[in-house]
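Dock chain F against chain R, hints included.
Note that the protein sequences, when read in sequence, are chains R and F.
Position in the first sequence (from 1) plus 275 gives the number in this note's numbering.
Position in the second sequence (from 1) plus 9 gives the number in this note's numbering.
Incorrect hints may have been included.
[Stated by the list, open to error] Some, not all, of what chain F presents toward chain R, calculated at C-beta under 8 Å: (1) K128; (2) F136; (3) K137.
It is worth saying that the hints were derived from the structure and are not from the lab.
Predicted, not measured: the structure shown is a model, and the values here were computed from it.
Glycine included, C-beta positions come from ideal geometry on N, C-alpha and C.
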Amino acid sequence: MAANTKQRFPSVEVQELTSEMIRFVLRGTDTSMANALRRVIIAEVPTLAIDLVEVVENSSCLCDEFIAHRLGLIPLLSAAATEMEFPYDYAGDDEKKTDVQIDLRVKCVSDQTEDVTSNDLICYDQRVVPVGYKPTIRAGGKDDDYTVPSDGAGGDGGGSGADGGILIVKLRKNQEVHLRCVARKGVGRDHAKWQPVATAVYRFEPEIEIDETLMGTLTEEEKMAFAAASPAPVFKYNAQTKKVEIDTPESYAYDGECLRKAQEMGVPGLVTIRAKQDAFLFTVESTGAIPPEEIVTRALEVLAKKLDVTKGELDICAAEQRETAA
Amino acid sequence: RVCPQHSERAKRRGTMNQPSRAEKFVLPEGVRKLTFTRDTKVSNAGTFIVQKEDHTLGNTVRMQLHRDPNVVFAGYQVPHPSDNRIVIKVHTNKDSSPMQAMTEAVDHLRTEVSDLSQKFSDEVRAFKHQQGNDGY
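This is chain R alone, in the form it adopts within the complex:
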């Protein structure tokens, strides 16, 4: 049977893995699979985001829906998303399966501008907190009505950026914002707030060949100039062997600078660069909601489920066809 040629067994090689991004090479499959993986990573990996906002008090300079929109875009740690259900799928009564409560209650009592950030959110489920959450310390106990940030110790309520939390709104003296929010599970396809990645891209792995005979005709300066022509570290000039060597071919961004340089120097065939049609360099940058390697794992699970559902439906169809034929 020709079945063996139809089945592919791709390979993966992880090149870089940090808490924010993963870079890996996918080999032995075709563009449609790589693209499907990319599309699923961006649009179909479920995360959690604020979806419902009930406004109790808003005397800030931004209107209700403006603040609600901003709240939705705050990335929330979504490890709990796997245990939760989509609100449109779930038919039961247990609210904990679909909703997570988050509150926001800040009043500006000082003469200085109060910055309301994601650190001021009161999260009732400790697993579902904003990315980089450093909760602002409340002045007083549970009975205290307002979250008054104490300066310095603990979280820094003021200022935006990694340490200060994501800025939501700024308040003047006596302005108050009091909201009750519900975070729900969703996918990027529904709304971009549920997208787990800042971006997920792939490019073809390049295959670079240097024509050594032509290279031999160049002077040392010309070789150095050629190696420096490409903005990415594709080539390097080895002073010891006096040759241009390939340094990191995968950093090539298909800009064609080195080809232009070769043309300029009068040696157009110096280097040939082809894009391998079955090797893909993926870069997946997470927003922090889900660790990058976890995003890819879940994406593959989602893709597998899609195929499973399709297979199930095909089986039903096939059975019906047999029945009608019989």
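Just chain F now, kept in the frame of chain R:
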């Protein structure tokens, strides 16, 4: 002349015809996810219509079908981006049938994804292990 936002028609229909976002992935009651229609004029040919799917599935299945030597024609389209369905047309020779070709294609893809999933997990684990060692 009344501006479009305040015309009587606008007040009746609303100024936006925007469908709910859930239409992209929620299958309504009574609607089949996948239907197959045999081609009446050609033998061993048929059309699959899959609801609430897009190029993610369509292109992948189509390219896999092309790898089947028994498949004479395989193509897919998204008839309209607002409609959220894909139409896959398959035509095989007499050694196979559209249903069989499609089932095999989806099977092979499923195995490929499982395999990839396993390999990826293994690779990540090995990489982290190595990172841990290098760190020391």
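Evaluated hints:
1. K128: holds, 5 Å
2. F136: Hint on F136 of chain F: holds, closest Cβ of chain R at ~4 Å, below 8 Å.
3. K137: holds, 7 Å
Violated hints for the displayed structure: none, as all numbered hints are satisfied.
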